[in-house]
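A.B. asks: Quick note, the sequences are listed as chains A and B, same order. For the record, in the first sequence the residue sitting at position 50 is 50 according to our numbering, with numbers rising by one throughout. If you count the second sequence from 1, you need to add 1000 to reach our numbering.
No wet-lab data here; the hints were simulated from the structure. What you are looking at is a predicted structure, and each value in this text was computed from that prediction instead of being measured. It is possible that some hints are incorrect.
[Stated by the list, open to error] Calculated pairs, DSBU-like style, for lysine-lysine (alpha carbon to alpha carbon, straight line, at most 30 Å):
no.	chain 1	residue 1	chain 2	residue 2
1	A	Lys68	A	Lys173
2	A	Lys173	A	Lys219
3	A	Lys91	B	Lys1002
4	B	Lys1016	A	Lys89
5	A	Lys13	B	Lys1152
6	B	Lys1002	A	Lys109
7	B	Lys1084	A	Lys89
8	A	Lys68	B	Lys1084
9	A	Lys13	B	Lys1002
10	A	Lys61	A	Lys89
11	B	Lys1084	B	Lys1006
12	A	Lys166	A	Lys214
[Claimed, not checked] If you want the footprint, here are the derived chain A segments under chain B, 3+ residues with CB under 8 Å:
no.	segment
13	49-63
14	94-100
15	203-210
[As the list claims (entries may be wrong)] Facing chain B, from chain A, some residues (calculated, C-beta under 8 Å):
no.	residue
16	Arg66
17	Pro79
18	Ile81
19	Lys91
20	Leu139
21	Val160
22	Phe188
A virtual CB, placed ideally from N, CA and C, is assigned to each residue, including glycine.
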Amino acid sequence: MIRIENVSKSFGKNQVLNGISLDMNEPGVTAILGPNGSGKTTLIKCLMGMVLPDGGEIRFKGDHIRGKHLYRRDIGYLPQIARFPDNLKVKELITWIANVRQQPDQRDKFVEAFGVSGILDQTLGTLSGGTRQKINLILAMMHDSPVLVFDEPTVGLDPVAMVMLKNLIAEEKRNGKIILISTHIMDFVEQVADRIVYLLDGDIYYDGTIPDLKEKYGKSSLEKVIVSILSQSVEEVSEPTNGMATHPKVFI
Amino acid sequence: MKEILKYTMYDVVRSKWAIAYTVFFALLTTTFLLLSRDINSSIISLMSITLVLVPLISTIFSVIYYYNSRDYINLLLAQPVARKSLFLGQYFGIASALAVCIAFGLLVPFFIFNLAGSGLIKSTLTLVGVNIMLTYIFSAIAFFIALKNEDKVRGFGLAIFSWLFFSVIYDGIFIFLLAIFREYPLENMALAGSIFNPINLSRILMLMQLDIAALLGLTGAVFTRFFGQSFGWILAMTMLLLWFVIPLLGIVRRSMTRDF
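Chain A with its partners taken away, still in its complex shape (with noise of 0.2 Å):
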């Protein structure tokens, strides 16, 4: 389904990936990992066509989507931050992106799950950080799309609508679906994600699973594993080999 390929992309003197490949072809959930500024925003940028790659090439569905647009009828977005236009009310975003998309929605079935009912006549300007995630993650999720790509979702979302995502993302894994989640957290990671994708300085540093991932550093909670990773790469770039700092991919 989805195919990214030897992608590259600098901000300047700033090389954000450095050839990064991957492929998503199986239902079910992929945790792109990593420390702040490794790339992790810049490549789901690349995939949703928001940040042009430098090099390499993505397909979607087999048809490469650099300068297409309706590939996107297929994915559900959750952006990192959730802002909206200030005078709008919450009803009239939701129309407005279906109106948009032009595709069937389920909006009753999340506003229900999201309990934001009763806020439907409020206009966007005045609701607070959480409640807008909510929002954001009903406009990502409403569509029933086969791919999901959420930035950050858990961001100030109460434990309430944390375990509501939780079993969301659940019921949407049972239904085949691919999905792509960018996240720090990772007692949240170990509950949901099949796949772990660790970014560190542009280059893939780990593909593989979480039972692996642990076993390979002999840790018991993913939490460490990252800690441990972070604390080696540390070492490397304190103590370079040769004058270069190293990060050897590991596949597993």
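Fit chain B to the known structure of chain A by using the hints.
C.D. replies: Showing chain B alone in chain A's frame:
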């Protein structure tokens, strides 16, 4: 594009700044109509103020709206919509909302004072029309500058400078050149200089409509002769159209190539 335009317009029209903009023009028009017994001079006074304020407000509003919308532009870019449609829809939404504000602010007092039958309706409509054209032109220039500059402060500064250039600096340079070459016949140069500035062009079109170009003396006579001909009118409208189309092409081109 239609959906983006429609909802952007909803958003802008409901903002407190747009409401304040409408009320300001309504109060201004009412004040002039009450203070002056001569409607013709009210229109001229209004013209002097709106030709400065409308480009300024259109510039500021468009730049601020674009930079504020950056927070949710990713949500729209993630939908199956071409970038061109998205940004043109957004631009037309902002400019059309401002145009509606101006039309209401200027026209409602004229109708309240029952001036529709005064014989000056044509001049009033020209005043509104000229200001709507300036709204679309300066919103397009400002939107293009904002799209071109990631840095908000730089984008805002450049947009304000573009307004300052056409409102003040251009005329300064123009008068300076007229003073230097005063020994020579300057009518054609004055004509050419006016055509390349959308604010000056709008002012002249307005003066022609009010039939007071004679106040401009010899230059006015040249303008009357030139713009009185259908060729002059067509050229003036073509230039205004170009001032609208060129930034619009810039918006399309820039929106296709930049990262968000």
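A.B. asks: Take the hints in turn and mark each one as holding or not.
C.D. replies: Against the structure, the hints:
The hinted pair formed by Lys68 of chain A and Lys173 of chain A meets the criterion: a straight-line CA distance of about 27 Å does not exceed 30 Å. Restraint check for Lys173 of chain A and Lys219 of chain A: satisfied, since their Cα atoms lie roughly 27 Å apart, inside the 30 Å limit. Annotation: proposed proximity of Lys91 of chain A to Lys1002 of chain B holds, straight-line Cα distance about 18 Å (limit 30 Å). This hinted pair checks out: Lys1016 of chain B and Lys89 of chain A have alpha carbons roughly 15 Å apart, not beyond 30 Å.
Only pairs whose Cα atoms come within 30 Å are accepted, and Lys13 of chain A paired with Lys1152 of chain B is accepted, the gap being roughly 21 Å. With a C-alpha separation of about 27 Å, the suggested pairing of Lys1002 of chain B with Lys109 of chain A holds against the 30 Å cut-off. Between Lys1084 of chain B and Lys89 of chain A the alpha-carbon distance is near 26 Å, which keeps this suggested pair within the 30 Å criterion. In summary, the hint linking Lys68 of chain A to Lys1084 of chain B is supported, as the alpha carbons are separated by about 11 Å, within the 30 Å threshold.
The suggested pairing of Lys13 of chain A with Lys1002 of chain B is violated, with an alpha-carbon distance near 39 Å, which exceeds 30 Å. The hinted pair formed by Lys61 of chain A and Lys89 of chain A fails the criterion: a straight-line CA distance of about 36 Å is larger than 30 Å. Of the supplied pair hints, the one linking Lys1084 of chain B and Lys1006 of chain B holds, its CA atoms being roughly 16 Å apart against a limit of 30 Å. Using a Cα cut-off of 30 Å, the hinted pair Lys166 of chain A and Lys214 of chain A holds, with the two alpha carbons roughly 22 Å apart.
Counting residues of the segment 49-63 of chain A whose C-beta sits closer than 8 Å to any C-beta of chain B gives 4, which meets the bar of three, so the coverage hint holds. By the rule of at least three residues with a Cβ nearer than 8 Å to a Cβ of chain B, the coverage given for the segment 94-100 of chain A holds, with 4 such residues. Residue count for the segment 203-210 of chain A with a Cβ under 8 Å from a Cβ of chain B: 0. That is fewer than the three needed, and the coverage hint is violated. About 11 Å separates the beta-carbon of Arg66 of chain A from the nearest beta-carbon of chain B, more than 8 Å, and the hint is not met.
At a threshold of 8 Å, the smallest CB-CB gap from Pro79 of chain A to chain B is about 4 Å, leaving the interface hint in force. Look at Ile81 of chain A: its Cβ gets to within about 6 Å of chain B, closer than 8 Å, so that hint holds up. For Lys91 of chain A, the suggested interface contact is broken, since its CB lies about 12 Å from the closest CB of chain B, more than 8 Å. Given hint, Leu139 of chain A at the interface with chain B, holds; its Cβ is 7 Å from that chain's nearest Cβ, closer than 8 Å.
The closest approach between the C-beta of Val160 of chain A and any C-beta of chain B is roughly 24 Å, which is over the 8 Å cut-off, so the hint fails. Hint status for Phe188 of chain A: violated, given a least beta-carbon distance of 22 Å to chain B, over 8 Å.
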